[in-house]
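Going down the list, the sequences are from chains W and Z. Position one of the first sequence corresponds to residue 230 (this note's numbering), numbered consecutively onward. Position one of the second sequence corresponds to residue 1427 (this note's numbering), numbered consecutively onward.
Source of the hints: derived by calculation from the structure; they are not laboratory data. Among the clues, some could well be false.
Footprint (simulated), chain W over chain Z, 3 or more residues, beta carbon under 8 angstroms [as the list claims (entries may be wrong)]:
#1 1535-1542
#2 1576-1589
#3 1699-1713
#4 1840-1848
Given the structure is predicted, the values throughout are model-derived calculations rather than measurements. The beta carbon of each residue, even a glycine, is placed where N, CA and C say it ideally should be.
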Amino acid sequence: MRTDAAAVQERRELDVIIGFLRKIDQHLLVRIARRLINYLSWSGVREAQDLLQFFSPSRRTGEESENLPSETKKGPELLRMTDQIFQIAREHMTPDEILRNVQKWIKDDKSGFLVEAVENQGTSLSEITQFLERYEDMAIDDRELSRGIQVGLRVSLVRRFLTEELDFIDVAKNAIAVGDFYDLVRHVISPPSSHGKLGGKGAGLFLAARILRRSPEVAQELGTIRTPKTWYVTSDGVLDFLQYNNLEDVYNRKYLQIDQVREEYPHLVQVFKSSHFSPEIVRGLSLAMDDFEERPIIVRSSSLLEDRLGSAFSGKYKSLFLANQGTKRERLLAVMDAIAEVYASVFGPDPIEYRSEKGLLDVHEEMGILIQEVVGTKVGKYFFPSWAGVAFSNNEFRWSPRIRREDGLVRLVPGLGTRAVDRVGDDYPVLMAPGQPGLRVNVTKEEVIRYAPRYLDVINLESRKFETVAASDLLKECGPDIPGFRQIVSVCDQDGIHRPLLLDLMENSGQLIVTFDGLVSGTPFLQQMKTILRVLREKMGCPVDIEFASDGKELYLLQCRPQSFSDDAIPVPVPRDLPPERILFSAHKYVSNGRVPDLTHVVYVDPDRYAALPDAEALRRVGRAVSRLNKVLPKRKFILIGPGRWGSRGDIRLGVNVTYSDINNTAALVEVARKKGNYVPDLSFGTHFFQDLVEASIRYLPLFPDEEGNVFNEGFLRNAPDLLASLVPEFADLEGVIRAIDVPAATGGQVLRLLLNAEQEEAAAVFGPPGELADRPGHDARRRTLEAQGDDHARWRLRMAERVAAEADADRFGIRGIYVFGSTKNGTAGPDADIDLLVHFRGTPEMRHDLDLWLEGWSLCLAEANFLRTGLRLEGLLDVEIVSDDDIRKQAGHAGKIGAVTDAARPLLLKKRSPGQPEV
Amino acid sequence: MKSSFNPFEMAQQQFDKAADVLELDQATRELLRNPLREYHFNIPVRMDDGKFRVFRGFRIQHNDSRGPCKGGIRFHPQETVDTVKALSMWMTWKCAVVDIPLGGAKGGVICDPHNLSAREQEAICRGWVRQVARNVGPINDVPAPDVMTNPQHMLWMLDEFETIHGGRYPGFITGKPVGMGGSLGRTEATGYGVVYTLREALKLIGVDIQKTSAAVQGFGNVSQYAVRLYQQLGGKVVCVSSWDQSDQTSYTFRKEEGVDVDALLAITDHFGGIDKAKAAGLGYEVLPGGAWIEQDVDILIPAALENQVTGDNVGKIAPRVKVIAEGANGPVTPEADKVIKQKGIFVIPDFLANAGGVTCSYFEQVQCNMNYYWTQAETLQKLDEKMTAAFHAVAELAKKRKLYMRDAAYVISVSRVAKACRDRGWV
């Protein structure tokens, strides 16, 4: 309880402050009194309302002429009123309350210059920086300000430095304080009178780091979460660079033909690299290089368009690792060289093409630069983090029914995180679900070994290059020198895989493989990941994906963005009002997000017929037949549906006996669990080759046809025309057990589309006309363009194939017919596809020789043309198979495609028909 | 549930064939066609999230007339009693063919370790032992690792068993790490065993091993040690094959003057895949995976996977081939087996050729029971004696009764078990 003495004391303090203000800053006192009376009036104090009217024009209208200006209150009068106001306040408020408000208003008042500066769009960043520095000296915490001023100030600062994006500002205003900018502005490099921003990547990281720093639970579990030392070049740095070097005309290059852009791009890069930066930028970079010393750095783009388009766009610009070794001058030149190269990538053909499709060509792309210290340690001649990776709030690749989507997913690798971010094809990251730390993807010794990371990305400090090295070599060479080594590796010997005791490492017994078992069971790493993901998701209001790295001791956050930006995570609306005949199947369990477009074939292994096969050999033949179909059907255009566990090894009645290479061309793998008596068998969730599916983006879906509300159109699967015998005649005896269905042929030209929506736990395979866009979500824009491009690549190839045929002198070369097949014919060719041609040849060896030369010439020319269109270097574009009459009769190899039942090769018109028609 | 083929019925049919050759009486057939004892039980486990789940466990003891039962414990989500029964019967024959004094058993739990944390798996292991602690043990029934179980699981089980019985019983379970009661020589056992039988087979058909050459499929544990020992004995291995992870196919690595295991191991990744480019640099020809079978050699050793010699490729076997030693389980399909039989190639059937593994498990148990451990050389010496004796017993029967080696091996093991049952006065 407050004592009277304390109250007296407070009253005295108030008097002193008012007296003091009256002496040194009367204007301030008047402004405060004005706010006080407003405050009292809002609080419903009668006297205050009366007194307030004294100021109001309405009161004066009666006494003064409308034509005369209102009488200006003289100083003494105002001061008298001030006393009056304080008197009223004393009657209605405690001295403590008045004092607190007065202090707050004084601080508001002192912040006025900053508010003005940031709200005035004319103020440049360097001016704001100066104001911020002055403000910092005043040591005002923005939480001491009135809410309105506080939020206004924060919003304005976020706007000026980070982004205009409203959702972002809404989150940021609660998480970022004015004080957070003090340190930031000291690391911002900008041209004179800059109005630039940090860009998406810089802003995202800045915000996430503040959120985590302010979260009490994170502090409790993690201590402080770190971010690497970062310097920023503002987004208008690129404009400054162009102006300084009189390169403004590159802006017009984007309106050129795309092949011209591509052709000139290497020269443009050279021009950029030999240009100079303005003195202000050089000065800034010089400071930065002093700050970084000889630690390796990464120069990343941080585009403003990322805010609008998502990460789909960010990938188009460059990120460059620099070893950052040598003299200051060398290091400064290297970083400028890198920034110039990143700037040049703004004018690269891929981003320009992409922007042109999005209708954003006319926007001047501004791109910030992030110069970030690389997290890690020097081990031998290499520099790298002990581990790094990406983590997602939502797990879209669940390997066990016990893992919920919100349990999250971590992709972890030793060394630089580049190998976790990208899917590298020949290597695997270690996958974990932070919400279910005990459930690992790989359980048996063989699985753990097979899917262990095999390479590390590192920076070689001697050659000053980014390199990929074999994990086994590096671990053997300098294993124990790597911080956290025992958290990274396990020892594999005849007794299994164990976390290393020190003895193991000294004796060098057994093989070292990367498992991160020590990190999972011996450290709070996964718990930290879980907390970070949860806090960010809560505060940002959406699932996130983050990049992180560790030097073996501390965890660093490298990037943070909404997860919906990543390709795998886009939920696709599943239409509900479809007539049943348009649905092949639907599912409501263990659904991930995504969409598999335009499937042309379905391979269905009939569960009943499969179970009824007489012996193990017959069951195994089913696996081999699937493997054959996997080779002959168009890649990623078919779907495999079968009973139980794909990839069964032991009791193969429970699922088809295949390995990953037998199914690696499918677009999706579907397991059907039919009720047997009163139990439903367990499904595999693809465990036998789970990580292969993940890295290849092959979708997995379990079906439970006997559960309420699920559609399973067995009629179609059993009755649609079956092509098994004609596709793989050697397995014709399995007719009915395996059915290969040509969807367009069976449905009058429709294709099958797999729509997956994890938010609603709904999935459906839907028939529809090919290329139909209506059921695609609005923000799935990137996919659409890629597909549109796909069509375009195929169309161009078909046109070229027709040209080749039209130019071919049939008599001179002994050609009986030319056919196109594969991705060009099917309209699915991508930018790196070749054109598959069958040439039916009946001529002399000399003719054959001429023909080969002639075709090779075409192939090289078309490859060059394709390079100009797409930027992809291929050795030749034509993949020609010369077939004889005999081949066609025997239907050998691809000759079987001529007049085939499904996916037949298409004949092309020749220049001059030989007397005989092509034998179609 | 209608099932098309039942592994247990298949095992019974196989037994019936041998029983016919032996002209076994009805009672013996009935005794051996079915397991002596079956234990089916529940294993309740408190899961990590606090909920309980009940798992189904089994132990099937097929026959213990010749000694304590021996057999693995499998963790498999689709485990069925019929599979376990079939495998327990197979263990009886496998122990009998090498003439070790053990019977056959098999056990399992219906579960998928992919869906279980390590702690939950430990609880299942301990729960399994609690349910059958009175019915298993060093003098009753000795478990071992099998599908999806490993030495760690064995140690949890051992610890639970010893806690219940209040003592140290390392002979309760095999497959333990060396130093925790495991036996030295286990790594070499299967590969060496293949070559011990091969050596005897060559003696029998009068071929000097020093003048022979062999083609080996696979480059795993079995294959590596088989190649080493065979080359120590003077033979020449012209090729091995291995699976290439990145190409998703296998390759055969051929060197006419003989492969060098150590040189190849130095360029082999964790997955057992040999580096193609480096191998070529060492002077190896890199051929398609199937090329091992068509080599012009005296001996073929398929030591990779099941069903590798099929009706499709059996015709490619060179006329010079005299012996096939089956290092893998079931490498030859029945279709191919008929052709091999016709060609008169001498076959050392899988459950004889690769019995080195189970023999070494027996040695582990023996050492544990006396709590005295042999050196590696001692273990391998004893392994040689066992395998050699086992081979000659089978070969002699094959000669005397004019049986195919595969059938002879089967007949001899069934007859040994049948005799033990008769001598005990069971039937």
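Task: Violated hints - listed by number, lowest first - done: Hints 3, 4 not satisfied by this model.
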